[in-house]
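As you go down the protein sequences, you meet chains A and B in turn.
So in numbering that gives the first Met the number 0, spot 149 of the first sequence is number 148, and the numbers just go up one at a time.
So in numbering that gives the first Met the number 0, spot 311 of the second sequence is number 310, and the numbers just go up one at a time.
Just so you know, these hints were derived from the structure itself, not from any lab.
Note that the Cβ used here is the ideal one computed from N, Cα and C, for glycine as well.
What you were told as hints is all true, and nothing was included just to trick you.
Straight-line alpha carbon distances no greater than 35 Å define the calculated DSBU-like cross-link-like pairs of lysine-lysine that follow:
(1) A/Lys-72 with B/Lys-162
(2) A/Lys-192 with B/Lys-162
(3) A/Lys-119 with B/Lys-162
Just so you have them, the derived chain B footprint on chain A, three or more residues with Cβ under 8 Å:
(4) 78-91
(5) 94-101
(6) 114-124
These are the residues of each chain, in order.
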Amino acid sequence: MKRWLSVILSTYFILVSFTATAVTVEDSKGLFTLDYQPKRIVVLEFSFADALAAVDVSPVGIADDKEADRVLKEVRDVIGSWTSVGTRSQPSMEVIASLKPDLIIADISRHEAVYADLQKIAPTLILPSRRETYEDSLKAAAIIGKVIGKDQAMQARLQQHRKTMAQYAQQLPQKIEVQFGVARDDALFLHTKDSYAGGVIHALGLANAETGRDDTAYRQTGLEQLVAINPEYLIIGNYVTPSIIDKWRNEPLFSVLQAARQNHIYQVNPNTWSRCRGIMAAERMSQDLVDILVP
Amino acid sequence: MRLVSCFFILGFLTLLLIITNLLFGAVSVPLDTIVDAFLDHTNPNHFTIHEYRFPRIIIALLVGAMMALAGALVQGVIRNPLASPDILGVSHGAGLAAVIYMTFFPDAAIEWLPLVALLGSFLAAIVLWRLCGQHSTTVKLAITGVALAALYASCVDFLMLVKPLEINNALLWLTGSLWGRGWTQLSLLLPWLVLIPAALWLAKPLNLIHLGDEHATSLGTHTNAVRLAALAIAVGLTASCVAICGPIGFLGLVAPHLTRKLVGGRHQALLPATMLVGAILLLLADLVARTIDPPIELPAGIMTAIIGAPYFLWLLLRSK
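Start from the sequences and build out the full structure, keeping to the hints where you can.
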């Protein structure tokens, strides 16, 4: 009798403890429930690694395109070493499986096609990352905080983040027009107000340049179009040097740009500004802007 | 005798590649544990073998064989060594449909992509058919097909330039890849296997067509009907493969060529042999794509092009 009682009681407590730790959140595929605190997490985008690092959690695997340097330095300093699971566009399922994860965080834009396969390896939280806005990214971080059992820490970190951003905003001149773009050898892509970088610029009280009718986050722009947009400040991430901007410098039309005339063209790390998104990335970008714009 | 040994070697190579594909990847699985990993759910490699490598190998096998078979049929009908299913504009039509779908419905479910691509293929085939009609020469058919393919390709380029980054997934699909293809995709492919015996049945009439229309007709072949059937089967084979894996370039062109060098031009031998060669090429391409720089996976379509293009150049230089 006593034995039975203990069995029933312990079962009861186990059940209670499960329901106590079970969290349900809404991800891009509907409701997602996890009834344990994940210990081995694999993330398939940099923004998710950023969210984990923000609350001192280290992933066991990152889809880092096999280039560890692509992970933001601030994030790397927190999370220590990890295993690369290949490219973000085609992560290696075999390596993910071999890491025996208990949670996978995937990007709806890149990994929807393999969502079912990922689910067979481990519970998969699927959220927007690529093409997400700044506010979306903070929301995704809050969801990740809940799922990994660090809700409070994440909320605190987000609050601190808002404060940090407000402090940066105070240091920066207000309402000036700042436009970010990534330059390749043969093309310039402006990140519009709908992009992640555009959102960070807006959050800092700066203005995005009016890039025209387009509703897409990234817009390929020619020299003539750039002159028409004519931003006050031009922040460029060069994927290669010399980039197309360096080639344009020799063209007479380039000197018409007010940013060129006033020497308001600056360079930033394209990886940080274009590939990394998240709490720590936004703070890094804001620091870059303060370094550039505050004399 | 030479034929038998050729088939024996090809079959052996296929088997060897299947086993190699099972063993190697980003994670190597020892040979003696493969059966156990396949059957036992608790085996640590169960996912890798059962859910991942095995269905992918079967898909590579089938797609390689079907694409090559389609290529051999088209070459048999057009009687031009440069012919391939690509000149029917079918895979480009599928590509265009897929890109339109991904561009204008970015939030739409990705599960529908194979169906959309399939519809695109068949639409492209119907357009070609309407333009050429039943009694046109094969040259007209080929040139019309090439022109249409170029048109579709330029539409794809246009869309990709207008909406550059939304299309990244489409770009991945357009290079042709076996990544993420599993049991679901395999089950979509299976119904199309009925086309294979139908194609093999056309072997004899295709031999006769090779003699020229007049000879073939006088020997009792309905040349137009055979041509139509062969092309329709080639369209079906290509469309189903492209819908699953994206257009895997060069396979339909190179495999029949290579096979013709090995077993000659008789379709009774050529058609089955080319299926084996196609399967071997795609299995090899995917093996290289997966193991060249793990954990990075390259699209198999790039590998077939890397193998295919130099082979073609070599062929051209030798034939001088």
